[in-house]
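Novice: In order, the protein sequences belong to chains A and B.
The numbers in the first sequence follow the working numbering, run straight up by one, and end at 566.
The numbers in the second sequence follow the working numbering, run straight up by one, and end at 305.
Rather than coming from a laboratory, the hints here were simulated on the basis of the structure.
Glycine included, each C-beta is placed from N, C-alpha and C at the ideal position.
There's no promise every hint is true.
Only pairs whose alpha carbons sit at most 30 Å apart, straight line, appear in this in silico DSS-like list of lysine-lysine [as the list claims (entries may be wrong)]:
{"#": "1", "chain 1": "A", "residue 1": "Lys257", "chain 2": "B", "residue 2": "Lys170"}
{"#": "2", "chain 1": "B", "residue 1": "Lys157", "chain 2": "A", "residue 2": "Lys60"}
{"#": "3", "chain 1": "A", "residue 1": "Lys413", "chain 2": "A", "residue 2": "Lys322"}
{"#": "4", "chain 1": "A", "residue 1": "Lys162", "chain 2": "A", "residue 2": "Lys485"}
{"#": "5", "chain 1": "A", "residue 1": "Lys108", "chain 2": "A", "residue 2": "Lys206"}
{"#": "6", "chain 1": "B", "residue 1": "Lys170", "chain 2": "A", "residue 2": "Lys60"}
{"#": "7", "chain 1": "A", "residue 1": "Lys424", "chain 2": "A", "residue 2": "Lys447"}
{"#": "8", "chain 1": "A", "residue 1": "Lys565", "chain 2": "A", "residue 2": "Lys299"}
{"#": "9", "chain 1": "B", "residue 1": "Lys157", "chain 2": "A", "residue 2": "Lys439"}
{"#": "10", "chain 1": "A", "residue 1": "Lys322", "chain 2": "A", "residue 2": "Lys116"}
{"#": "11", "chain 1": "A", "residue 1": "Lys155", "chain 2": "B", "residue 2": "Lys39"}
{"#": "12", "chain 1": "A", "residue 1": "Lys164", "chain 2": "B", "residue 2": "Lys157"}
{"#": "13", "chain 1": "A", "residue 1": "Lys235", "chain 2": "B", "residue 2": "Lys170"}
{"#": "14", "chain 1": "B", "residue 1": "Lys157", "chain 2": "A", "residue 2": "Lys565"}
{"#": "15", "chain 1": "A", "residue 1": "Lys424", "chain 2": "A", "residue 2": "Lys385"}
{"#": "16", "chain 1": "B", "residue 1": "Lys39", "chain 2": "A", "residue 2": "Lys206"}
{"#": "17", "chain 1": "A", "residue 1": "Lys60", "chain 2": "B", "residue 2": "Lys72"}
Beyond 12 Å from chain B on every Cβ pair, some chain A residues (computed) [said to hold, decoys possible]:
{"#": "18", "residue": "Pro105"}
{"#": "19", "residue": "Thr109"}
{"#": "20", "residue": "Glu158"}
{"#": "21", "residue": "Asn266"}
{"#": "22", "residue": "Asp268"}
{"#": "23", "residue": "His280"}
{"#": "24", "residue": "Ala304"}
{"#": "25", "residue": "Leu372"}
{"#": "26", "residue": "Gly456"}
{"#": "27", "residue": "Asp460"}
{"#": "28", "residue": "Gln493"}
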Amino acid sequence: MSGFTRVLGVFLPLVLMNVSCTKCNKESTQALPSAQSKTGQTFKEAADQTLNLGNGAEPKEIDPALVTGEPDGNVVFNIFEGLVTLDNDTLEPQPAVAESWTISPDGKTYTFKIRKNAKWSDGSELTAEDFVWSWTRVLTPMTASEYAYQLYYVKNGEDFNKGKIKDPNMLGLKAPDKYTFVVELAHPTPFFLKLCAFYTLNPTPKQVVTKFPGQEWTKEENIVSNGPYKLVEWKLNRHIKAVPNEYYWDKDAVKLKEIYFYPIENSDTEEKMFLSGKLHLTNTVPPLRIPKYEEEAKKMGADATYRAFPQLASYFYRFNVKRKPVDDWRVRRALALTIDRTALVKNILHAGQVPATSFTPPVHGYSFKGDLPETVTPAAIAEAKKLLAEAGYPDGKGMEKIEIHYNTLEAHKKIAVAIQSMWKTNLGIDVGLFNQEWKVYLDTQVKMDFTVSRAGWVADYPDPNTFLDMFVTGGGNNKTNWSNKDYDHYIEQAGQTMDEAKRFDYFHKAEAILLKELPVLPIYFYTRPRLATPLLKRIVGGKYVVWVPNVIDRTVYKNFVLVEKI
Amino acid sequence: MLKFILKRLLSVIPVLWVVATITFFLMRLAPGGPFSSEKQVPEEILRNLEAKYHMDEPLPMQYVRYLGQVAKGDLGPSFRYTSRTVNEIIAETFPVSAVVGLLGLLYALMIGVLSGIFAASKPNSLRDYLSMAFSMIGICLPSFVIGPMFMLIFAIKLEWFNVSGWNEPKDIVLPALTLGTMYAAYFARLTRAGILDVIKQDYIRTAHAKGLPEWLVMFRHTLKGGLLPTVSFLGPAAAAILTGSLVVESIFNIPGLGRFFVQSALNRDYTLVMGTVLFIALLIVVMNLLVDIAYAFLNPRISYD
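Make the full structure from the sequences, and use the hints.
Specialist: See the structure below:
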């Protein structure tokens, strides 16, 4: 028995159903002792340390500066590494390329100490200058980075990206020496450190980016990176293969010998591959199979492969507040009161999603208890009817036709149909449905050519700001025509307050306004259903623990190991 | 004959030009663009993106620029898969689709033509009804039913093949069978109909009267004319089957061209849409030319000189 062998505990039933996000992170570490006696299984490191993952679609891109998608991010987070990385459980920033940092009292200057043994996968040194160059590259207009706005917090970043300033030396990025990187921000930005873990802010290797034309540096034969793994193969629509980066500063923590990312879009195929042992972890689960797996998981307990994990993502409808009848908040509230969110989650979605009574999912100590009902109560219906009458539509009479707009997908359709019938039953109003192909749907939303439109939002970083700053007046993702001066004020204040409690207080005030006026109709918070082998473990404090993906679904396969039973 | 082939090859150019023009402008008419996404990109960044891909120029200029590029054989960089050019994507994925398609096509032809002959050799008999009933099932069952069915039987129950993926030579088999089945069914019905048409002709009666054995009449005389409908279907069928199928490729998770053909349109990946459309158009034109040449051999009444 190797020294690493440890008794394993499993606590699946706790994680399985919709425990709130903050809770489930704690459970992964605390459940060990109690479960030990129940299962009594012991494990040792398996001989074959090749991890096979389902990764959804083919990545568009693996250049950190240009990446936007989830499949791309899964790869980039493992082959590149930023100044900091987020802890798998707490999501608190941890030292990565930067071994330490200091923040000035006004919250506007960040000084990062780059570790001396930080290296690129070609063996060359990774210095502060690399960060200055990489971040400048993201902000350079010709780079055409879609996520360049993640660096608008840097002094002059926005103006430089918009072409108003041409001189890159005016950016708040300095490297006084090889190991010191100083960032000056335009405003104090309380979540900036967390943002430093985001892929857009990862360093890119100047030595190859400038050597090859266009994006050819990301090809398997050219790419150089600085993360725990490095990419060695990228076969279009077949796989991406990553192996440990021997120059990584913390290479002892990298236990897996190979990771294969398989682009598998068809969830049925992915499920079959998992069942035949070709995958250790799937990207999703076919929706129709979830009830069956859920049933199974209850019986199997420790050995269950199915799990659904809470996500920092919100499913909601947007109202176009310039269109009748939803220009009246009373109508919007009446509509919001008469949706049975629990029924939607239980009967249509199945995967343990959380009925949303507020807009922002619980995140990092922030949660807002909204007054939207989880299920429809007679009281809610009475209030809704009263509001409708006050708005001039007694029993829905005389109301302009509402249509629910959504992108063509079976799940969205089912939800829209259910909501249509809920509004019919509870309020007596007839609502139409209309669906559009994805890109047409996006176009319609930009043109505001809808009354009610389906939407989803996934957090970029674990902070309420990623949800709430969406609805400031004129925000690019507002897409409701809604505007509220007080709301704008609170969001702005929150953006300049370093004290967490005060900041959250501003967010609470803002969200209270949002939920009173309801330019959006919160429906549920996402979960991510997955099939995962119980043999994939994380090593925490020398112990094997069951891995619980975090709420932003970001996993760096460092300190991960495949085990086998003894 | 040579003159005919040359003439036909030259006509490829205007055909492709028309296809390119129609596709180019139709595509731009579709709402949305390559850079629209759920997270709305700020206006200035959108302009940066458009500048990078020359989309800030007036449409006619973009059109001329594109045609100039294509004339040089350069299909441009993909909007979505930014580290690859369209040429590279086609070069990497077409061989996969072609290999699967070729095997599927051979299988379809063999099964289809044989069962067509089998059925037509005794019209309205039990064997005719049986093979035609089977071919009807083949036509009616879509590949998204056949594929998982094959997977279930041959990969999961019998474990003869891998469930999906593209790693070993035997990974070709299930996708090829799935792809070929529908075509086999079509070929069977076309062959049967073609043979039944010819079988009533005078020259066949003469052959029988001369006392030739049944199989010799079938293979030497009947089949030559009877295969004409099958051959004319073969052209477009071959082009379609060789360029891959979205459904089969996504079920078996194989890296073929078919997926890109469909997804490029959904992603508004303008250059990839143009590239794949032009490539497939070229393939269809060439296949049809081959069919026309085959005609001349099969049907003495057709001559190209």
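Novice: Taking the hints in turn, state whether each one holds.
Specialist: These are the hints, each one checked on the structure:
no.	hint	verdict
1	Lys257(A) with Lys170(B)	27 Å, holds
2	Lys157(B) with Lys60(A)	35 Å, violated
3	Lys413(A) with Lys322(A)	25 Å, holds
4	Lys162(A) with Lys485(A)	26 Å, holds
5	Lys108(A) with Lys206(A)	27 Å, holds
6	Lys170(B) with Lys60(A)	29 Å, holds
7	Lys424(A) with Lys447(A)	28 Å, holds
8	Lys565(A) with Lys299(A)	20 Å, holds
9	Lys157(B) with Lys439(A)	40 Å, violated
10	Lys322(A) with Lys116(A)	57 Å, violated
11	Lys155(A) with Lys39(B)	23 Å, holds
12	Lys164(A) with Lys157(B)	65 Å, violated
13	Lys235(A) with Lys170(B)	19 Å, holds
14	Lys157(B) with Lys565(A)	26 Å, holds
15	Lys424(A) with Lys385(A)	12 Å, holds
16	Lys39(B) with Lys206(A)	28 Å, holds
17	Lys60(A) with Lys72(B)	26 Å, holds
18	Pro105	31 Å, holds
19	Thr109	26 Å, holds
20	Glu158	9 Å, violated
21	Asn266	5 Å, violated
22	Asp268	7 Å, violated
23	His280	15 Å, holds
24	Ala304	21 Å, holds
25	Leu372	23 Å, holds
26	Gly456	7 Å, violated
27	Asp460	8 Å, violated
28	Gln493	23 Å, holds
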